[in-house]
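Q: Residue-level listing of the chains:
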Amino acid sequence: MKNLFRLIYRYHVVFLFVLLETLSLSMVVTYNNYQRAVFFDSSNFFSGTLFEKFSSFSQVFEFKQVNTKLAEENIVLRTALHQFLLKTNRGTYKSSDSIYLPRIARDSSQKVVYRFTTARVINNSINQQHNFITLNKGRRDGVKPDMGVIANGQVIGMVFDVSENFSTVISMLNSRWKISAKIKRNDYFGSLSWDGKDYRRVQLNEMPYHVPIQNGDTVVTTGYSSSFPEGLVIGTVSDFSIGTGSNFYKIEVMLAADFKNLVIVGLVENKQLYEIKQLESLNKNGN
Amino acid sequence: MVINLAKYLLIFVVAVLLQVLIFNNLLIARVISPFFYLLFILLLPIDTPRSLLLFLSFALGLTIDIFTNTPGVHASATLLTGFLRPGILGLISSRETLESVIAPRVQNMGIQWFATYATFMVITHHLFLFFIEAFTFQGFLITLLRVVLSSVLSVVLILLSQFLIFRK
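Residue numbers (this note's numbering), protein chains in the order written: chain A, 14 to 300; chain B, 34 to 201.
To be clear, the hints were calculated from the coordinates, so they are not data collected in a lab. For each residue, glycine too, the CB sits at the ideal point set by N, CA and C. Please note that the accuracy of each hint is not assured.
[Unchecked claim] According to the in silico footprint, chain A covers these stretches of chain B (three or more CB under 8 angstroms from chain A):
#, region
1, 48-58
2, 77-87
3, 93-100
4, 103-114
5, 159-167
[As the list claims (entries may be wrong)] Part of the chain B face toward chain A, derived, beta carbon under 10 angstroms:
#, residue
6, Val-64
7, Ser-90
8, Gly-123
9, Ser-127
10, Gly-172
11, Ile-175
12, Leu-177
[Claimed, not checked] Over the 10 angstroms line for every Cβ pair with chain B, so calculated as not near, a few chain A residues:
#, residue
13, Leu-63
14, Gln-78
15, Gln-141
16, Gly-209
17, Ala-269
Extracted from the complex, chain A is given alone in its bound form (with noise of 0.2 angstroms):
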């Protein structure tokens, strides 16, 4: 027992470094599965308060830019509000206070599906495997996980762990995520992810042989995943090829979204998500 002693405190050095490494190389992998501790993540208060102070300082700069692509926005949105009325004649005017009272964003059972907010990004990547984005909007302004994040109506993640105050979006220049999409010239869809080499490219995969298909086609979201509307533009066909010895494309997708630069960010929430989720769970656990 007292040579056992001897022994542990002549390589306790060896041992608090195996001990220490596979506690981290742990974390590496459940991180995997997700099934991460809150603690460990960008949204916590600690260092999200952090983020959230240094980049209201350096965004300053930034706001001169950004107002003049949400002016533009508005106007390109205006246009088109204002078109989809006249063609389908379906705005009505509320005589008591002559307010203009579109009513779109409804499905047929005449309820709001898509609800949209604002947040500003206060810390995000592009540099690594697997990256994501915190948000200075938590659960007090009604952000939830799931939720899906746009900018000027281009896909940019989806919302995955909430605190009080902040959010963490799991970017789509996260290897680990994968998003339906399709093409939008004739709606055939595959499924698309990000291979980590490039942060201007993501791959679209699993599209069979026989789609036409041609550089410049614009692909957008198919709306299978309810975290996202069906149509926002996620960006266009750049480059495919036929891979070796697979049935399916290999599709290159340049985004239409600028990582780099994100300053305002469009959160989407879809009322029926929950339904939705419970219904597809059903299907999950009866086999």
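Place chain B on chain A using the hints.
A: Just chain B now, kept in the frame of chain A:
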């Protein structure tokens, strides 16, 4: 003792802040991203007890992990670097030099020695870090390219910092 403690705590905080607020946002030519924070482990006194060195390395890595949402990735890499530091020191200088000098600094050891020391440490760290992060040997060459190019930038930044902010 207390002054020393405060000094190293300050180096820790400054290194982490510079890393998470500035260098983490840096991505050059789509592959190079420097990890400057390793400086803290480099600057620790040579006679730091090995177990304390391990704990400090682990704490440093974990702090970076919290900011980058990568639990364990940086912690495991810094831990390995901290574990191998005495070996690396022994490799590049004689026992007598190590016993006569307290802190491994440019001012004490000369620029050439410090550059060699930083290069060994940074490469150990980056090699482990980038492969753990990728968690695959697929695309081995591109990961290796990231290791080499990022190491160069990290070493340059660490050397620069020795003349700009961490003079004492």
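Q: Indicate, hint by hint, whether the structure satisfies it.
A: Each hint tested on the structure:
1. Chain A is given as covering the region 48-58 of chain B, and this holds because 4 residues of the stretch bring a CB closer than 8 angstroms to a CB of that chain, at least three being needed.
2. Given a C-beta distance limit of less than 8 angstroms, the hint that chain A covers the region 77-87 of chain B holds, as 3 residues qualify and 3 suffice.
3. Counting residues of the region 93-100 of chain B whose CB falls under 8 angstroms from any CB of chain A gives 5; the rule of at least 3 is met.
4. Counting residues of the region 103-114 of chain B whose C-beta sits closer than 8 angstroms to any C-beta of chain A gives 8, which meets the bar of three, so the coverage hint holds.
5. Counting residues of the region 159-167 of chain B whose beta carbon lies closer than 8 angstroms to any beta carbon of chain A gives 3, which reaches the threshold of three, so the coverage claim holds.
6. Interface hint status for B:Val-64: upheld, as the beta-carbon distance to the closest one in chain A is roughly 9 angstroms, under 10 angstroms.
7. A hinted interface residue such as B:Ser-90 counts as satisfied when its beta carbon comes closer than 10 angstroms to some beta carbon of chain A; here the least separation is about 9 angstroms, so the hint holds.
8. Interface restraint check for B:Gly-123: the shortest CB-CB distance to chain A comes to about 14 angstroms, outside 10 angstroms, so the restraint is violated.
9. Checking B:Ser-127 against chain A by beta carbon gives a least distance of about 22 angstroms; that is not within 10 angstroms, so the hint is violated.
10. At a threshold of 10 angstroms, the smallest CB-CB gap from B:Gly-172 to chain A is about 8 angstroms, leaving the interface hint in force.
11. A least Cβ separation of about 7 angstroms between B:Ile-175 and chain A falls short of the 10 angstroms threshold, and the interface hint therefore holds.
12. At about 14 angstroms, the closest approach between the beta carbon of B:Leu-177 and any beta carbon in chain A exceeds 10 angstroms, and the interface hint on this residue is violated.
13. Non-interface status of A:Leu-63 relative to chain B is broken: a Cβ of that chain comes within 10 angstroms, the nearest being about 8 angstroms off.
14. With a least CB separation of 17 angstroms from chain B, A:Gln-78 remains clear of the 10 angstroms interface cut-off, as annotated.
15. At roughly 6 angstroms from the closest C-beta of chain B, the C-beta of A:Gln-141 falls inside 10 angstroms, breaking its exclusion from the interface.
16. With a least beta-carbon separation of about 7 angstroms from chain B, A:Gly-209 fails to lie farther than 10 angstroms from that chain, contradicting its non-interface assignment.
17. The beta carbon of A:Ala-269 sits about 18 angstroms from the closest Cβ of chain B, which is more than 10 angstroms, so the claim that it is off the interface holds.
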